[in-house]
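Engineer: So you can see what is in the structure, the chains are spelled out below.
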Amino acid sequence: MLKDIFVTPFVDMATAPDFLMQVLWEGLVSGILYALIALGFVLIFRSSRIFNFAQGIMVVFAALTLVGLHAMGVPAWICVILTLGVMFVLAVTVERVVLRPLVGQPDIILFMATIGITLFLIGFGEIIFGGENKVMITEELGIPTDSVVFEPFGGLLILEQKDITAVVVAALLVVALLAFLNKTRMGRAIRALGDDHQAALSVGISLQQIWVLVWFIAGIIALVTGIAWGARAGVSFALEVIAYKALPVLMLGGLESITGAIIGGLLIGMLEKLFEIYWGQPLLGGNTETWFAFVLALIVLLFRPQGLFGERIIERV
Amino acid sequence: MLYRTAGQFKTSYKADQALFPVRQDAVLLGVILILAWVVFPLMASEFTFQTLLIPILIYSLAALGLNLLTGYAGQLSLGTAAFMGVGAYACYKMITLMPWMNPLVAILLSGVFSAGVGVAFGIPSLRIKGFYLAIATLAAQFFLVWLFEKWGWLYNYNASGAIQVPNLEMFGVYVAGPQASSTVQYYVVLGIVTLLTIVCINLTRGTLGRTWKATRDMDIAAELIGINLMRSKLTAFAVSSYMVGVAGALFVFMWRGAAEPNLFDIPLSFRILFIAIIGGLGSIMGNYLGAILIVGLPVVLNTLPAAFGLPISPATVEHLNVMIVGALILFFLIIEPHGLARLWALIREKLIIWPFPH
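Chains as they are written, first to last, in the UniProt record's numbering: chain D, 1 to 317; chain Y, 1 to 358.
Looking at chain D on its own, in the form it has when it is part of the complex (with noise of 0.2 Å):
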């Protein structure tokens, strides 16, 4: 018993590091996208202190409207601008309509706000768009569909050209953001809102303005993510349990830290197709995903209780 658990599973990997290598990529490739999910998480709590749980009903959303939009004979590409406008009616009418009155209201009742939003768009996308499975427009949108196939160590790795997409897209889109937020004036202006509420307002930076503009950025995310994603495993309502899995990523990483989410977000990724292949499926009869990441963030936080990169939280009385 001990053998299999500490012995075996390296055994493994050091015999087939094409295959260790094959799982680990797979691995990063779903990192990326909890990562992106936990990004849309962060920049919505550090603006406003929403713990916001439609995120990932918002990849969907986004998702199913490029592809409804582009089933009704419009051109890819314009699609894509169709839905960044959808997204941002979305957030100007998250903002007018839920946030806006219970502003000052404690965390609980806004992130309960955030699940009725989810609950709404999703009976409002299954009503429009139709509950069943459909497939993303990749190649329509001019994303590779190939494989490419390395022999390392005398071995085979295959790297899906989508995936590849993925994760440049991915990485440009947190370089984006990160100069967003770090060099122009709207993005300081959000972090200034995140560091502190009323000097932010009492230098003049409009709350109602930023929220809108951080809810639109969440929903460009969901866009990016929702085509991301939407490519490996199809389009519909079951993306939405990616929701979940950003949460321990956020925990992990400690929810105001756009570098925790990120590195958070690849951590589990990596680690639990790692548990799932080599400890798993032979000894615990698989399936594991769907609680060793939140397990593991549970442990991490046993000892860091704000997460690998959070805020130390100081108490006072």
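Hints were generated in silico from the structure; no laboratory data involved.
Since the model is a prediction, treat every value here as computed from it, not as a measurement.
You can trust all of the hints, since none of them are fake.
The following residues of chain D were derived to be distant from chain Y, with all beta-carbon distances above 10 Å: (1) Leu2; (2) Val11; (3) Gln22; (4) Trp25; (5) Val149; (6) Leu178; (7) Asn182; (8) Gly187; (9) Val203; (10) Val212; (11) Leu266.
Just some of the chain D residues that point at chain Y, by a computed CB distance under 8 Å: (12) Gly123; (13) Ile127; (14) Leu255; (15) Phe294; (16) Leu298; (17) Leu302.
Every residue, glycine too, gets a C-beta built ideally from N, C-alpha and C.
Position chain Y against the provided structure of chain D, taking the given hints into account.
Structural biologist: Chain Y only, in chain D's frame:
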């Protein structure tokens, strides 16, 4: 006029601290109890029992358990459904291992198992706070549901992987299983829920409840005035999980009749959290109001299109339901973030001074 409290003088501390300092409250509760114990069972049809009365009571109990933890002790939990599952599976194992056991005893004991599991997952709450704590309960949620699916011993290795409630007899009457009548099941559920509600009301009024509230309001301050945080938080997890576990056992044994692991998935957790929040965190009555709204609403919405003769397909009705429930959650949060219980409290205040505004 109806709610006039003038003239009800308190002449001793005992009278001042009574359960119902205002006579009308007691009368109102009496009326509700008579309705629940006598009038509804006489009038209700099979459909009403199965779609409204029984589920509302069971959901109220689950929300009550969650409310003790989240509303009174301030520890956010997103894993309620999993703890319900623990209760249900524990009850199933006890009934199948010891068929001579009284079903009522089995149901009440099953909560003990879920309390144990609840305390185990509550231990991180001593170090982790706020939203970070949600991860501990989410870990419980996903891990336990996975365990229900993979651990064959729990469902006696049957091929379907689901648990099936056998016919259970108590004093010569079937109380659970296919042969039990809805009226009997309703009374069993109502009895247990009434009993546990009385326990909860008194717990929250006593030392334990006050300790929980102090922990919720500010745990460091509570610690400074001499409250043992570990005891306070872990008792909250234990009592809450007990209630939730009993609710889970009732959920399967008195209502569903069978259960698969994914019945206890996260949507159920959220549903119960909705009930607790829409009803009002930190109130007992709110859970009932919330359950009536969340359970009753889809039933009403399902009958509406047919009543108006609108040609809408069942699938669309389903989706519309989800959408409307989402919108209503937002609506209620916006008009009264502190829940229906607060709304009732405001109405009551108004009634007391009515017809004079001051």
